[in-house]
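K.L.:
Take a look at the letters that make up each chain.
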Amino acid sequence: MSDLAAPNSIPGPRRRKRRFDAAHLALVAYVVLFVLFILAPLVVVVGSSFEPRELLRFPPQGLSLRWYYQALNSDLFVGAAWNSLIIAIFATLGALLLGVPAAYGLARFDFKGREAVSGLLNSPLLVPELVMGLALLQILAGLQIASSVLTLTLGHILICLPYVVRTINSAIVGVDRSVEEAAANLGAARWRIYLTILLPIIRPALYAAILFSFLMSFDNAVLSLFLVSARTSTLPISVYNYVQYSLDPAIAAVSTLLMAVSVVALFTVSRLVPLDRIKQ
Amino acid sequence: MSDLAAPNSIPGPRRRKRRFDAAHLALVAYVVLFVLFILAPLVVVVGSSFEPRELLRFPPQGLSLRWYYQALNSDLFVGAAWNSLIIAIFATLGALLLGVPAAYGLARFDFKGREAVSGLLNSPLLVPELVMGLALLQILAGLQIASSVLTLTLGHILICLPYVVRTINSAIVGVDRSVEEAAANLGAARWRIYLTILLPIIRPALYAAILFSFLMSFDNAVLSLFLVSARTSTLPISVYNYVQYSLDPAIAAVSTLLMAVSVVALFTVSRLVPLDRIKQ
Amino acid sequence: MSLEQTSSRTAAAEPASVSVEGLRIGYGALEVVKGLDLRVAQGEIITLLGPSGCGKTTTLRAIAGFVSPSHGAIRLHGRDVTDIAPNKRNIGLVFQGYALFPHMSVFDNVAYGLRMRKVPAPEIRERVERALKLVKLERFAERRPRELSGGQQQRVAIARAVVIEPAVLLLDEPLSNLDAKLRHEMRVELRRLLKEMGIASIFVTHDQEEAIVLSDRVVLMNEGRIEQEGTPQTMYNRPGSLFAAAFLGQANFLRGTVASLGADGTAIIDIDGDRFQAQACGGLKAGAPATLVVKCERLRLDRSGRSQAQCTFEAANFLGPSVQLQCSFKGQRLVGLLPASTEGGAMLEPGAPVTLSWGEADGLIFPRAD
Amino acid sequence: MSLEQTSSRTAAAEPASVSVEGLRIGYGALEVVKGLDLRVAQGEIITLLGPSGCGKTTTLRAIAGFVSPSHGAIRLHGRDVTDIAPNKRNIGLVFQGYALFPHMSVFDNVAYGLRMRKVPAPEIRERVERALKLVKLERFAERRPRELSGGQQQRVAIARAVVIEPAVLLLDEPLSNLDAKLRHEMRVELRRLLKEMGIASIFVTHDQEEAIVLSDRVVLMNEGRIEQEGTPQTMYNRPGSLFAAAFLGQANFLRGTVASLGADGTAIIDIDGDRFQAQACGGLKAGAPATLVVKCERLRLDRSGRSQAQCTFEAANFLGPSVQLQCSFKGQRLVGLLPASTEGGAMLEPGAPVTLSWGEADGLIFPRAD
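Protein sequence lines, in the order shown, are assigned to chains Y, H, Z and R.
Position 253 (the first sequence) corresponds to 253 in my numbering; numbering is contiguous.
In short: position in the second sequence from 1, add 280, done, that's my numbering.
In short: position in the third sequence from 1, add 560, done, that's my numbering.
In short: position in the fourth sequence from 1, add 930, done, that's my numbering.
So here's chain Y without its partners, still in its complex pose:
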């Protein structure tokens, strides 16, 4: 039927109209520029880390790994990096152990004040990190406890917790209750439902929570500023202290490495979960 020509003129092939394309192209161009604008500072940092001479500048005068070599051989930075890594790992573990059950309780049980608790945890900026740092400093001073890796880790847990609870909570809310009921109906006790049904289903959220928690802790500067001692300095604090007296390409190299950790962590997790499902 489609092959019969209609009596009143069938037009020939027509160019696909670009009715929306002007607006479309403009917006796409805008988005690209926008991303470049956001990325520009990073390009500057990464670029100038390859500078061979003593002066921090962009574009670099050559390409050298001299400052990377120097940074990786600096006891100051390497020691701080180990501290950061250990604190980030234990802070993440702690935040998961405390946060996942809390997220479950918030998602699955009705109790008075649930709305308030939920709202509180959904507003992480309610407590400025600076204030949190001050409070912890004051508590440590009051209890006469010396700053240590342990106190830093406890402080970081406090910072990471709301993010873990939020991520896991919204994942659990998204799991149909009837799936848990189906497991109970088939004979599973409560703890088996958690282990065999709930946790496997929310695995993407668990990965996201681990990623965010790790990076929140690893990159944290504000809280650490109040809690570090000379012995327990973390990488961001070492960078900050270094900048106080010298602005050479070593700092760009360390910054680039700091970002590399984020990229590697993000990339690892994105192999396990699609990137756009990683929501805070």
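Because the hints were derived from the structure by calculation, they are not lab data.
The beta-carbon is built from N, C-alpha and C at its ideal position, and this holds for glycine as well.
Do not take every clue at face value.
To be verified - Label-pair distances were calculated between CB atoms; the ranges are:
{"id": "1", "chain 1": "Y", "residue 1": "P52", "chain 2": "H", "residue 2": "S354", "range": "25 to 31 angstroms"}
{"id": "2", "chain 1": "R", "residue 1": "S1079", "chain 2": "Z", "residue 2": "G586", "range": "24 to 30 angstroms"}
{"id": "3", "chain 1": "R", "residue 1": "E1115", "chain 2": "Z", "residue 2": "D832", "range": "23 to 29 angstroms"}
{"id": "4", "chain 1": "Y", "residue 1": "Q244", "chain 2": "H", "residue 2": "E395", "range": "37 to 43 angstroms"}
{"id": "5", "chain 1": "Z", "residue 1": "A645", "chain 2": "H", "residue 2": "F317", "range": "30 to 36 angstroms"}
{"id": "6", "chain 1": "R", "residue 1": "G958", "chain 2": "Y", "residue 2": "I86", "range": "50 to 56 angstroms"}
{"id": "7", "chain 1": "Y", "residue 1": "Q61", "chain 2": "H", "residue 2": "Q524", "range": "54 to 60 angstroms"}
{"id": "8", "chain 1": "R", "residue 1": "T1285", "chain 2": "Z", "residue 2": "D832", "range": "42 to 48 angstroms"}
Unchecked claim - Only pairs whose alpha carbons sit at most 30 angstroms apart, straight line, appear in this in silico DSSO-like list of lysine-lysine:
{"id": "9", "chain 1": "R", "residue 1": "K1125", "chain 2": "Z", "residue 2": "K741"}
{"id": "10", "chain 1": "R", "residue 1": "K1063", "chain 2": "Z", "residue 2": "K890"}
{"id": "11", "chain 1": "Y", "residue 1": "K112", "chain 2": "Z", "residue 2": "K594"}
{"id": "12", "chain 1": "Z", "residue 1": "K693", "chain 2": "R", "residue 2": "K1111"}
{"id": "13", "chain 1": "R", "residue 1": "K1111", "chain 2": "Z", "residue 2": "K755"}
{"id": "14", "chain 1": "Z", "residue 1": "K594", "chain 2": "R", "residue 2": "K1111"}
{"id": "15", "chain 1": "R", "residue 1": "K1063", "chain 2": "Z", "residue 2": "K755"}
{"id": "16", "chain 1": "Z", "residue 1": "K696", "chain 2": "R", "residue 2": "K1260"}
{"id": "17", "chain 1": "R", "residue 1": "K1066", "chain 2": "H", "residue 2": "K392"}
{"id": "18", "chain 1": "R", "residue 1": "K964", "chain 2": "R", "residue 2": "K1048"}
{"id": "19", "chain 1": "R", "residue 1": "K1111", "chain 2": "Z", "residue 2": "K741"}
{"id": "20", "chain 1": "Z", "residue 1": "K890", "chain 2": "R", "residue 2": "K1048"}
Got chain Y; can you put chains H, Z and R on it based on the hints?
P.N.:
What follows is chains H, Z and R alone, placed relative to chain Y:
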């Protein structure tokens, strides 16, 4: 029919079974303890701000507004607070003006690399704030631009942008495209669809973006540490500097006021949008 | 109200697969189930039918153990399970949305209940394969639920529920997520499957057609109570109340007053001067308001029935296998469904006079409140 | 293939409300609509019917302007609008999910199109009120869409689309979001409403019952092309192909071979030795494989039809107004739908012999590929 007794014994009224209640109560108790644990540091800060004497301690030895009076009469803190307020307002405006169109482009147009851009914007921790501060410092130094309220505002826009884009983007993705098509079908041109349909529908997300952007900027310490000059100090930086040489209850009072700003902002927005819909 | 209540009570001698006695369930001050008795025999399929909010799903959830009744008892094969946790009840449940485990293969979904019962692995394999064969999904064992169609997912849910050999199978609107064509096919298929397995089953649905096709016995619920129960034929042809008559099938409701009562269980209703003899239902009193109920498909476009109404033709709509005839009678609407082969009313003009008739046994007279 | 194609072409003298000529639409390499011609006259209601993926929704979106065709033209009242932006076309569109503006009252939703057209405020008020009255929602003007039921939302969507007095009204599966009972009611109601307004309308649906009840003309689509078009009666009773026969109504398909061709447009099909005379459809050749199609409701449980099949009874399912009879005939399944009043097959045992018959005009013979 229900009033007829069945022949084989209808049991009398029975106590409502508490089969799940042990687990339920334990979890609720846990959640409450958990929240207290998170809130404890703040209680210490707020509590000690009412201390009448010079020594920062908790619990306070009395109740006095002396340190609030002193903080609100300190040129140092009041000037910094004005700076913070002005910067936060303009950074928020800037982030909205740049971020809303970008969020729309990402949500509604397909183009190569959209996934990548979207992933990038959904991972705000990819770039540690510290590195961003260093980069901006380097750029300003390279271009020989003096630090000012303007440069601070630009820096804060860069920090706030990804949050704005993420919040608005996920709201726009949640708006059924057919609603926009319905408006076009009824005769609305593109710009009228934005103004009369899209923006009003995503109003809760706009409020949330404004709230987060404002607080991100107002409470920001890390980026500001690199960009402030003596003249342009913001409130968090003033607090930090003050702590360097003195730890008296004035700092608790200012911290409490800083939190009060967050609470007031959050409360204002929650009057307009339900709290649990404020997602980052 | 139940026509079959007596018979199901006297059957108490043989132990029912499930029995529910005096069930009352409340959420706070709101009582959702207000006293309900139910017995399901081995191999019997019953349907809890009713509008949303009538308590049918709550009843099902109480049997499964997810809701605690405030009064009453639930027994499986005579054993009181009212206080037993849901994971210890041995009841099969097919959820409305199927509630498959998204992270497991079809095989693992079906095997889950057996693994929880610590059945040895070789036996698990054998029983799961048998269950998948029964629902014709043996070739899909390694798929994930999201890779299956709606109908296939539903069959996985059934296999998963029956593989544990439950005392009773509960199905909560199992067809409501399928599209119209598949839903019609699955009704018959599902009944055949359940009969083959011989498991006592309780369906919950708000779709009267589904209830009629699927069940041995329909339990019509209304506001937390049983309105009527009986075979699909009884429920359809002999509704016990106006509510039941309106809920099952499409019917005409003509308002009038009782003219007189016959000794043979019939009555005569007066509708604006015209009188019709029909079956008397419920407590009719001469002179009291009453409603004459006639199913749409029982109306005939000729004078072959004893009851005849002089109507005004309004419209005829072709429905495919049948033609819908819209007429008015004394200002009330009368709708007939005629086989399309009769070409009924095709040549009528709107406003034309037309006679519709029906058999005496097709009419039911109910008392009316106002 | 179209039975009515000629007549709709000769009607080209009067300008159609909408005409679509040689429409082709592709997404990348995939061509979804492969050449489609369509004319809708003033006040006519047509339905694009077909399985999902047949291109019916894409066609509708092309008429509305949201999809650009690669070939062909779209005309409104003779004016070529193929290159006109969607907001300048003056076409009414009712979306599947209604797409109401959630932040506006019902009044503002309906007024939106008029405001975009800069109609003066008093006239807007008057026209919106008239439109809301038409869909019986005048008392809901100040409500928000979410405060309305599904059926009410759908009526708001219709009022919003018709208040701008569009050249044509497009409706994309407008009933699919309603529950079964409401959907059945709204079909008739919607047709009445559209006829009252006299607007040319194009429905898109995959539900054949809906297409039959709603439309003046059904356009059956398959894989981007028109399979057949015609009145609902023609489409239902005289399907032009096996595809059409399978898509409209419930039918039996008996495989056999062509025994002989008659001169009067009939043919005789041989099914494992039994021969049946029926209407010949398509290019039949003696000895070639063919399929006999008989609609389920045309089968009778007696010998009154000229074609008679000696079957084996399998099962009878009570459906309420009718009884479904499952039989087997020469190893093929034969399903009959009999009026329940005949009590057909109630006393038969599975395996019993039974004779089903049908009229000669009820059978259609189609050529079969394999």
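K.L.:
All hints, please: hold or fail.
P.N.:
Taking the hints in turn, this is what the structure says about them:
1. At roughly 48 angstroms, the beta carbons of P52(Y) and S354(H) sit outside the given window of 25 to 31 angstroms.
2. One distance hint, 24 to 30 angstroms for the beta-carbon pair S1079(R) and G586(Z), holds here, with the actual separation near 27 angstroms.
3. Evaluation of the 23 to 29 angstroms hint for E1115(R) and D832(Z) yields a pass: the beta carbon distance comes to about 26 angstroms.
4. Taking 37 to 43 angstroms as the suggested C-beta distance range, the pair Q244(Y) and E395(H) conforms, at roughly 40 angstroms.
5. With their beta carbons about 32 angstroms apart, A645(Z) and F317(H) fall inside the hinted range of 30 to 36 angstroms.
6. A C-beta distance of roughly 52 angstroms is found between G958(R) and I86(Y), which places it inside the suggested range of 50 to 56 angstroms.
7. About 37 angstroms separates the C-beta atoms of Q61(Y) and Q524(H), a value inconsistent with the hinted range of 54 to 60 angstroms.
8. Roughly 47 angstroms separates the CB atoms of T1285(R) and D832(Z), a value that falls within the hinted 42 to 48 angstroms.
9. Of the supplied pair hints, the one linking K1125(R) and K741(Z) holds, its CA atoms being roughly 28 angstroms apart against a limit of 30 angstroms.
10. Restraint check for K1063(R) and K890(Z): satisfied, since their Cα atoms lie roughly 27 angstroms apart, inside the 30 angstroms limit.
11. Proposed proximity of K112(Y) and K594(Z) is supported: the alpha carbons are some 28 angstroms apart, at most 30 angstroms.
12. For a cut-off of 30 angstroms, the pair hint linking K693(Z) to K1111(R) is broken: about 35 angstroms separates their Cα positions.
13. Of the pairs offered as hints, the one joining K1111(R) and K755(Z) holds, with about 28 angstroms between alpha carbons and a cut-off of 30 angstroms not exceeded.
14. With a C-alpha separation of about 27 angstroms, the suggested pair K594(Z) and K1111(R) falls inside the 30 angstroms cut-off, and the hint holds.
15. Restraint check: the Cα-Cα separation between K1063(R) and K755(Z) comes to about 52 angstroms, which exceeds 30 angstroms; the hinted pair is violated.
16. Proposed proximity of K696(Z) and K1260(R) is supported: the alpha carbons are some 25 angstroms apart, at most 30 angstroms.
17. Pair hint K1066(R) plus K392(H) does not hold up; C-alpha atoms about 49 angstroms apart against a cutoff of 30 angstroms.
18. For the suggested pair K964(R) and K1048(R), the alpha carbons sit about 39 angstroms apart, so the restraint of at most 30 angstroms is broken.
19. A distance of roughly 16 angstroms separates the Cα atoms of K1111(R) and K741(Z); the hinted pair therefore holds under the 30 angstroms criterion.
20. Our distance criterion of 30 angstroms between C-alpha atoms is broken by K890(Z) and K1048(R), whose separation comes to about 48 angstroms.
Comparing the model with each earlier hint shows violations of hints 1, 7, 12, 15, 17, 18, 20; every other hint is respected.
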